[in-house]
Each structure stands twice: as C-alpha cells, then as structure tokens.
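Here the protein sequences come in this chain order: A and B. Counting in the numbering used here, the first sequence runs from 4 upward without gaps. Counting in the numbering used here, the second sequence runs from 4 upward without gaps.
Derived from the structure by calculation, the hints contain no laboratory data. Some hints could be false.
Within a straight-line C-alpha distance of at most 20 Å, the following computed DMTMM-like cross-link-like pairs (lysine to aspartate or glutamate) qualify [to be verified]:
hint, chain 1, residue 1, chain 2, residue 2
1, A, K41, B, E103
2, A, K6, B, D41
3, B, K72, B, D59
4, B, K104, A, E47
5, A, K110, B, D62
6, B, K104, A, D32
7, B, K72, B, E4
8, A, K6, A, E18
9, B, K20, B, D59
10, A, K6, B, E103
11, A, K41, B, E65
12, A, K73, A, E29
Have a look at the derived ranges for each label pair, beta carbon to beta carbon [what the hints assert, rightly or not]:
hint, chain 1, residue 1, chain 2, residue 2, range
13, B, G19, A, Q60, 51 to 61 Å
14, A, A84, B, N76, 42 to 52 Å
15, B, K21, A, V87, 20 to 30 Å
16, B, L91, A, S15, 20 to 30 Å
17, B, P64, A, V17, 35 to 45 Å
18, A, A4, B, G66, 16 to 26 Å
19, B, D62, A, F57, 22 to 32 Å
20, A, S115, B, D62, 28 to 38 Å
21, A, R31, B, T25, 30 to 40 Å
22, B, P11, A, T8, 31 to 41 Å
23, B, G66, A, D21, 12 to 22 Å
24, A, P43, B, T25, 29 to 39 Å
Small disclaimer: the values here were computed from a predicted structure and weren't measured. From the three backbone atoms N, C-alpha and C, an ideal C-beta is built for every residue, glycine too.
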Amino acid sequence: AQKVTQAQTEISVVEKEDVTLDCVYETRDTTYYLFWYKQPPSGELVFLIRRNSFDEQNEISGRYSWNFQKSTSSFNFTITASQVVDSAVYFCALSSYRAGTALIFGKGTTLSVSS
Amino acid sequence: EAQVTQNPRYLITVTGKKLTVTCSQNMNHEYMSWYRQDPGLGLRQIYYSMNVEVTDKGDVPEGYKVSRKEKRNFPLILESPSPNQTSLYFCASSKQGVGEKLFFGSGTQLSVL
Numbered sequence: 004a005q006k007v008t009q010a011q012t013e014i015s016v017v018e019k020e021d022v023t024l025d026c027v028y029e030t031r032d033t034t035y036y037l038f039w040y041k042q043p044p045s046g047e048l049v050f051l052i053r054r055n056s057f058d059e060q061n062e063i064s065g066r067y068s069w070n071f072q073k074s075t076s077s078f079n080f081t082i083t084a085s086q087v088v089d090s091a092v093y094f095c096a097l098s099s100y101r102a103g104t105a106l107i108f109g110k111g112t113t114l115s116v117s118s
Numbered sequence: 004e005a006q007v008t009q010n011p012r013y014l015i016t017v018t019g020k021k022l023t024v025t026c027s028q029n030m031n032h033e034y035m036s037w038y039r040q041d042p043g044l045g046l047r048q049i050y051y052s053m054n055v056e057v058t059d060k061g062d063v064p065e066g067y068k069v070s071r072k073e074k075r076n077f078p079l080i081l082e083s084p085s086p087n088q089t090s091l092y093f094c095a096s097s098k099q100g101v102g103e104k105l106f107f108g109s110g111t112q113l114s115v116l
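Just chain B, with the same shape it has in the complex (with noise of 0.2 Å):
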C-alpha cells in the first residue's frame, strides 16, 4: 500500500530535550516537506527536499533541523525543543513538487512541557 508513516503518533517531552520525528514514504517520491498544524493557523511549511542531500527552509523553519540521505526517509529533527512547538506535525511526499498531489502521513502532536 502507497503510504507516509511517521512516528510516533503521540510524543510528550520536556524543554531541551532532543528529538526526532521519522518520516518514510514508499511511493519513490523525490519530493518530501514537513508542515505544523496550529489552531487558526492552519498548516505552514516548516522544510522541504526537492531531492536527496537537497533540502530548503519553509516558511517556519527555526528551531527545526532535516536530512535527506536517503529518496525514502525525511526525519525532523527538534535539538531543543521550546513550548511554541508544541503542535500536530505532518510529513508529505509528492512525486516532484509544484502542483503535485500530496501524500501526507497520518501526523505526529507534540507536546513540549
């Protein structure tokens, strides 16, 4: 089956504390983004990769890190994470971007304590 996973689900953690996000897509899809879901915000573009090693900040990237080293997997990374990311997190795969359908996984909430 074509799917976004992510993990986890759920994640509650305290200020500071590392943590990564997974992401895999299994549709060899060369385009993959992260967004955060905020109440009356909608959705914002935190990074997106155009294609493997090649990665570029969205419109809310500070605090949040990625890597592509793989077509497959797009983890995010929060080094240290603050309260203000506290938020429902979505990973989202398309065949090449621009006006492309997207796939999105089934989101992970954040909360940061």
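Extracted from the complex, chain A is given alone in its bound form (with noise of 0.2 Å):
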C-alpha cells in the first residue's frame, strides 16, 4: 500500500521556535518521490521541495530544511526561526509508479505560528 502519514495534525508556536512537521511513508516501490507542499490560508497549494528516493541528502533553503531517512520511511520538514507568515496548512506526498499517477497526499499539519 502507498501511504503517508502525517501524525501532527495542528502545530502552534510561537515566532522564533523551530518546528518540525513529521512525515512518515509507506512504499514497496525502489524508486519513489517525496514531496511537500504548503497551502496558505489564501488556499493555492505551493511547492516546496521534490525528492527522489536515491538521494538521501539533507536539504537547507534558507529556513527551510529537509531530513530524508529511508531507514524509517520518513521525510521530516524543519522550519528555523518560525515567523507569522509560516502559518499555513502543509502537505508531505508520495509519487511511486505502483502508486500509478496519482500524488497521495497525508492529511496535512496546520502550522499556526504566533507573534
């Protein structure tokens, strides 16, 4: 089964802490991608990151990280230094051939980050 998990449903912070969104997933496929998406409370879904399943490197953009680890399936976003404007709903999602076409998403973690 193609799966992914997202466990946190509602985060709340307050600005400067960092936060980490969970990402759990489940493939049988080798070869997959990971992605994170962000919806902000206007509601268009914005791309973050994409990463494929043979590059297991962690990945810094600006406040932004990325902790990739096959060996527990999960794909861990980490924001830095929280601020207001981080305050959205995010999406990890998993692309896979077995999986056909279709992006699954998980549940998505709202991020509410205070001033």
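Each of the two chains sits in its own frame; use the hints to bring them together as a complex.
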C-alpha cells in the first residue's frame, strides 16, 4: 500500500521557535518521490521541495530544511526561527509507479505561528 | 507566466444542476489531474489524464466526468451535483506524471445546496 502519514494535525508555536513537521511514508517501490507543499490561508498549493528515493542528502533552503531517512521511511520538514507568514497547512506527498500517476497526500499539518 | 487556470473560483449551486469547472494550462504539459480537498481527508485524486483523449479514474471518481480533447484543457463535469460534492477542487498539471512536480490551479470552492 502507498500511504503518507502526518501524525501532527495541528501545531502552534510562537515566532522565532523552531518547528519540525513529521512525515512517514509507506511504499514497496524502490524508486519513489517525496514532496512537500504549503497551503497558506489564501488556499493555493505552493510547491516546496521534491526528493527522489536515491538522494538521501538533507536539503536546506533559507529557514527551511528537510531530513530524508529511508531507514525510518521519514521525510521531516523543519522551519527554523518561524515567522507568522509560515502559518499554513503543510502537506507531505508521495509519488511512485506502484501508486500510478496519483500524488498521494498526507492529511496535512496545520501550523499556527503567533507573534 | 506559466500557470494553471481554473474557473470559477467560487460556485454555489443546487442539487442536480449540471455544472462544469474549467481548467487550462499553458505549459504544454502532458499530464493533468483533478483533486478534491476535504477537512481531515487531505487531497484525493478524482480523475487524471496522461495525454489527449486518455483519461482514467483516480480514488474518488463517482459523480464526476472529465474530458481531454485538447492538451491544454481538462474540464471537470458534475452532471447531477449532490451535497456530498461540496468541496475545494484543484486542477493540476505536470510534464508527464509520476515523480514530477505538480503545478496547481488556485482552486474552486464548490457548495452544493
């Protein structure tokens, strides 16, 4: 079965705190792709990152970083020094040939950053 | 500007009245798809199309139709909408499908009364 689990439904932090959003995936494919998307209050879906299963290097982009660990089937997302503008719903997603052409989404984590 | 355009942004209708949500992309993408987003359920795929004249069901196709007569357009048709189709709908496209970044439209909030 292809599945993405985001166990944290809602997270609330105060500005400047670091926060990690967890993502655990299931797939039997050896080749697969993982994504994170952001959905701000305005509703659009914003692409953040794509990672293939052969690239386990962590990635950093400004205040954002991603930790991909195949051993634990996790692809966690950390925001350093969070800001109010980071308030959004964050989705982790999986794409693989066994799943067909669907991008399989987790149910999302709602992050609220207060000032 | 590369984009996926879907219309309308908001739509209120009544049970049984046929409606169409349009979707168009200007990136010459082969792959297009429709998702619906519901609270607590995340995004679920309704239909997808790998190419012109090729469409297939996603996870939740009941009550929906699609067509792909041109590469750029992929309309979603609800022939007899029901209240359980009240949802936020997203159209998306990518170059070829699996493993590709999906570009999403800005969404259509549909309410069926």
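To see whether the hints hold, each was checked on the structure:
no., hint, result
1, A:K41 / B:E103, "holds, 17 Å"
2, A:K6 / B:D41, "holds, 17 Å"
3, B:K72 / B:D59, "holds, 14 Å"
4, B:K104 / A:E47, "holds, 15 Å"
5, A:K110 / B:D62, "holds, 15 Å"
6, B:K104 / A:D32, "holds, 19 Å"
7, B:K72 / B:E4, "violated, 23 Å"
8, A:K6 / A:E18, "violated, 32 Å"
9, B:K20 / B:D59, "violated, 24 Å"
10, A:K6 / B:E103, "holds, 18 Å"
11, A:K41 / B:E65, "violated, 28 Å"
12, A:K73 / A:E29, "holds, 10 Å"
13, B:G19 / A:Q60: 51 to 61 Å, "holds, 53 Å"
14, A:A84 / B:N76: 42 to 52 Å, "holds, 43 Å"
15, B:K21 / A:V87: 20 to 30 Å, "violated, 43 Å"
16, B:L91 / A:S15: 20 to 30 Å, "holds, 23 Å"
17, B:P64 / A:V17: 35 to 45 Å, "holds, 43 Å"
18, A:A4 / B:G66: 16 to 26 Å, "holds, 25 Å"
19, B:D62 / A:F57: 22 to 32 Å, "holds, 27 Å"
20, A:S115 / B:D62: 28 to 38 Å, "holds, 29 Å"
21, A:R31 / B:T25: 30 to 40 Å, "holds, 37 Å"
22, B:P11 / A:T8: 31 to 41 Å, "holds, 34 Å"
23, B:G66 / A:D21: 12 to 22 Å, "violated, 44 Å"
24, A:P43 / B:T25: 29 to 39 Å, "violated, 24 Å"
The structure fails hints 7, 8, 9, 11, 15, 23, 24 (numbered hints given earlier, in ascending order).
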